[in-house]
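There are 2 protein chains.
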Amino acid sequence: MLLLRPIVRGSWVLQRTPRLAAVAWGAHPQVWTPSRTHGTWSLGDGSRRWKVTAVGALLGLGAGLAYGDHRRRAAEAEPDAEAMPGAPYPVFTRQEVGRHRSLAERVWVTYGHEVFDITDFVELHPGGKSKILLAAGGALEPFWAMYAVHSQEHVLQLLRAYKVGELSPEQQSQPTQGDPYAGDPPRHPALKVNSLKPFNAEPPAELLTETYLTPNQLFFKRNHLPVPAVAAASYRLQVEGPGGRVLELSLPELKRRFPKHEVTVTLQCAGNRRSEMSRVRQVKGLEWGVAAISTARWGGVRLRDVLAHAGYGEEEAAGEQHVCFEGLDKDLGGAAYGASIPFRTAMGRGADVLLAYEMNGEELPRDHGYPLRVVVPGVVGARNVKWLGRVSVSREESPSHWQQNDYKGFSPAVDWDTVDFTTAPAIQELPVQSAITAPAPGATVPPGELTVKGYAWSGGGRGVVRVDVSLDGGRTWRVAELTGEEQGPGRAWAWRLWQLTAPVPPDAAELDIVCKAVDASYNVQPDTVEPIWNLRGVLSNAWHRVRVTVAEE
Amino acid sequence: MLLLRPIVRGSWVLQRTPRLAAVAWGAHPQVWTPSRTHGTWSLGDGSRRWKVTAVGALLGLGAGLAYGDHRRRAAEAEPDAEAMPGAPYPVFTRQEVGRHRSLAERVWVTYGHEVFDITDFVELHPGGKSKILLAAGGALEPFWAMYAVHSQEHVLQLLRAYKVGELSPEQQSQPTQGDPYAGDPPRHPALKVNSLKPFNAEPPAELLTETYLTPNQLFFKRNHLPVPAVAAASYRLQVEGPGGRVLELSLPELKRRFPKHEVTVTLQCAGNRRSEMSRVRQVKGLEWGVAAISTARWGGVRLRDVLAHAGYGEEEAAGEQHVCFEGLDKDLGGAAYGASIPFRTAMGRGADVLLAYEMNGEELPRDHGYPLRVVVPGVVGARNVKWLGRVSVSREESPSHWQQNDYKGFSPAVDWDTVDFTTAPAIQELPVQSAITAPAPGATVPPGELTVKGYAWSGGGRGVVRVDVSLDGGRTWRVAELTGEEQGPGRAWAWRLWQLTAPVPPDAAELDIVCKAVDASYNVQPDTVEPIWNLRGVLSNAWHRVRVTVAEE
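Which chain is which? The protein sequence lines are E and D, in order.
Per full-length UniProt numbering, residue 1 is the first one in the first sequence, and the count goes up by one each step.
Per full-length UniProt numbering, residue 1 is the first one in the second sequence, and the count goes up by one each step.
A hint or two may mislead.
Interface residues of chain D toward chain E, partial, derived using beta-carbon atoms under 8 Å [unchecked claim]:
1. PHE92
2. SER195
3. ALA308
4. GLY311
5. GLY313
6. GLU314
7. GLY409
8. GLY484
9. GLN487
Calculated from the structure, these hints are not laboratory results.
Ideal Cβ positions, reconstructed from N, Cα and C, are used throughout, including at glycine.
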């Protein structure tokens with residue numbers, strides 16, 4: 001077991017472990033080459049091929065780790081031909097390291113007091129060659145601070161294989177680096193944090209359904225990058241019209257030119273309830289509970305009005321186009337978060353897609369996209385781009401990592417060795433969903449009568465028409481009472497809350513509480529998690545189960 | 001056990017069993033009163049209330065039988081105070097019976113050689129008072145010939161309770177009645193008939209997926225009434241415009257005025273795969289296998305063009321309206337088959353709702369609605385009204401039985417005692433569906449390699465994006481290959497066929513083959529039938545399972 005933490009004066013316990021050879025793979029010549037335009041790489045060694053996925057912007061929630069696993073396994077299988085425990089490393093200055101900034105000059109980086117020649121890894125980097133070269137000749141820390149996924153044992157183990165020296169002792173103090181997340185806004189202490197940098201958090205389930213509209217402070221937060229600091233005064237939304245003409249709209253102009261439109265919309269992260277999938281088999285991603293879903297009353301302008309103003313008509317939809325969004329949240333390489341939705345979703349007659357500047361009657365909070373964000377009712381959270389910088393229309397979906405190589409569903413048979421992201425459609429509308437928010441799992445409930453509460457929602461404006469609840473694991477069912485706003489058919493964008501009060505069976509010591517919802521197309525939730533398991537842990541919408549103990553009289 | 005069949009000279013074995021008293025319920029005064037406009041009746045006996053549903057047009061696929069069950073149970077629980085086995089009945093002539101044609105004069109009917117005073121039953125008739133009064137003073141046979149649901153033991157048992165006499169012997173021969181189904185067209189002998197009158201039949205599963213477009217002769221047939229004989233020359237479609245002005249359009253006028261539009265559309269009966277639900281617990285309805293679904297290339301005019309011509313604009317959709325259809329197929333009381341769809345389904349920009357006069361390049365066959373029918377892509381078969389007579393737009397859904405009190409989904413907890421049809425939405429878009437068409441259940445398959453075939457489809461234009469197949473009951477999965485037309489996103493109206501060729505596990509003696517599909521909104525099929533069981537046996541879309549034996553080498 002390798003424990004990795006800083007000890008005094010910037011030294012790391014890492015150095016005390018035997019090092020692995022950088023040439024571990026030399027015995028089996030393997031070539032990694034980009035085999036597709038959109039981020040799928042192939043590794044051929046003459047006998048078999050693996051595929052891993054290039055993780056845009058080094059985000060690495062998934063494929064990067066999978067690659068690391070392969071690499072580590074390969075390395076561990078290979079006895080270290082050059083291991084010389086205790087042998088001294090050459091010592092370099094930062095200036096010397098700084099001369100190695102390209103493949104021609106070799107690519108060197110530092111981490112702590114150690115120097116690494118990662119030239120041979122550049123092409124292997126799951127996040128892409130261009131991203132890793134941003135760190136060439138300097139320290140890795142500022143980049144890894146940006147992408148917390150690197151702070152894992154096997155990533156450092158991988159790096160170790162490339163060690164070529166030590167920094168001269170007088171230069172071993174950590175380079176002073178700004179924390180890219182230092183400017184993130186303060187958050188409510190009740191939130192359950194799944195990742196601090198970038199910030200990802202959900203409210204406690206028991207608070208989630210206390211109110212029909214989720215308070216802004218408690219609304220689940222799902223950031224992919226640091227929260228950008230956007231000055232409202234200088235903010236301009238760029239809208240690319242037909243022919244490439246770019247319209248720039250200030251916030252006051254947007255508010256003045258287009259009618260204000262308000263819609264109550266539930267947003268749900270594709271990974272909501274992922275932790276239930278991880279219990280079946282480990283998946284890659286943030287371990288969301290049941291509360292990566294929230295509802296707000298959004299106010300803003302209709303995207304269709306803005307697109308019409310830019311010169312697009314409803315007829316432009318012919319031939320299938322996409323409306324692409326770019327956020328102002330950018331990675332260190334300057335690449336923005338991005339996503340797209342089908343043109344028809346944006347421009348349909350009943351389309352309620354908003355460019356929102358208000359959330360529950362307040363100015364949009366920074367964590368939710370201040371000053372302007374997209375709200376796409378009925379569609380997965382990932383397309384609801386925050387800190388909106390640019391809107392354009394394209395024959396192609398957004399080229400962003402999150403559109404192309406993430407947020408897609410796969411068969412349980414597909415693993416990181418076999419996944420091909422081009423074979424699955426980007427998630428847009430989400431399937432029917434429901435979960436129990438009270439009682440809490442493991443709670444002790446009084447005998448007599450029990451009230452079960454929860455939420456239910458479906459994508460595509462398909463309202464929830466019924467929620468069935470069972471206290472006996474699904475053998476018998478009762479119909480729950482639905483509460484909350486009942487929106488029009490085809491435009492039921494917000495959840496329904498529900499509750500059921502039922503007698504606790506007198507002889508029951510435990511209850512296996514289950515809920516399942518039915519939407520307006522009579523789609524239902526699947527019974528179990530296993531058959532919908534997928535490597536990214538998205539679309540987790542099996543029946544929700546909560547087991548509780550019944551107190552004795 | 002009561003065996004009921006005609007014996008010589010119009011006599012029935014029925015008369016040989018002890019009769020039940022007509023006053024069986026007298027001890028508990030109960031009043032059946034219509035409690036709602038649309039066919040829900042309440043039975044109050046002071047201590048509890050039941051609800052049953054009035055079955056329009058005596059169709060009786062369900063609620064009528066449920067009512068009969070109540071009645072029978074009540075009757076059986078009550079000792080027959082007036083039973084006089086062997087006592088002679090008074091004898092009446094048909095003329096005498098004919099004088100009893102109203103509630104004031106009492107309502108008498110004959111069945112076989114027996115005479116019944118059904119006055120007290122008129123208000124109880126699940127099919128409605130007006131329908132039963134059509135038979136007043138005469139024979140039941142022509143009505144029961146129309147609605148085969150009456151040919152069941154407990155219906156006759158119910159009738160028996162009202163016996164008041166016998167027909168005079170010289171009048172006991174069956175009245176000569178035309179068979180309302182005598183004019184039905186000939187059908188293909190390969191069809192598996194679920195009901196002859198009205199005609200309901202499906203193709204054998206193994207033929208269903210032989211071709212992507214189902215041959216007209218094999219396309220599943222679901223009639224609610226006799227096939228009307230419509231003369232093309234005199235045919236006029238009535239279209240009610242805003243303000244009630246009625247437009248009449250002949251077939252040549254329709255073809256001349258509006259552009260021809262062709263769409264490949266899969267139609268599925270709400271009851272497809274109902275037999276699987278019946279295996280869990282008996283449901284009311286035709287015992288469809290997996291083939292109450294078929295696909296054709298439909299040609300006709302767009303409904304939106306016709307509605308626009310009649311004066312409706314897209315904006316008329318405000319406030320939610322419905323497009324109501326009436327068929328030319330009518331019950332004996334003159335009530336037409338009817339259904340409605342939301343206005344937005346008909347008038348949306350991408351709406352492909354057709355008034356179709358062609359099916360797979362041929363004139364519409366009589367069984368499929370000659371000369372004109374509605375084809376509503378992505379929506380349950382029941383709304384695809386055949387032999388279309390009239391189109392109108394209304395603030396209300398179609399008042400027809402089939403819209404109001406049938407073709408709705410309920411919780412497995414709801415039975416015929418508790419069902420309230422006003423609480424569930426009329427089925428429109430159907431949920432994701434798939435089934436295995438080969439190998440057949442119980443087949444013996446060779447060892448080595450197995451090819452599994454089937455279909456997959458989803459409602460609302462949501463294309464099928466994946467089909468997973470398991471040979472081991474759902475423990476492991478493989479992704480099937482999809483074939484057939486790939487239609488545009490949001491307008492994927494037709495099924496995909498699929499197949500998977502996989503090695504048969506060498507040690508397997510039996511295979512539990514399972515399929516499940518995923519649609520464009522990532523909705524999936526539920527694992528099992530029990531939790532989606534419903535009293536009408538509709539929406540049966542659990543994983544499909546076929547068990548086969550593996551032949552020895």
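Hints versus structure:
no. : hint   : verdict
1   : PHE92  : violated, 50 Å
2   : SER195 : violated, 24 Å
3   : ALA308 : violated, 14 Å
4   : GLY311 : violated, 18 Å
5   : GLY313 : violated, 11 Å
6   : GLU314 : holds, 6 Å
7   : GLY409 : holds, 5 Å
8   : GLY484 : violated, 17 Å
9   : GLN487 : violated, 11 Å
Hints 1, 2, 3, 4, 5, 8, 9 from the earlier list are contradicted by this structure; the remaining hints agree with it.
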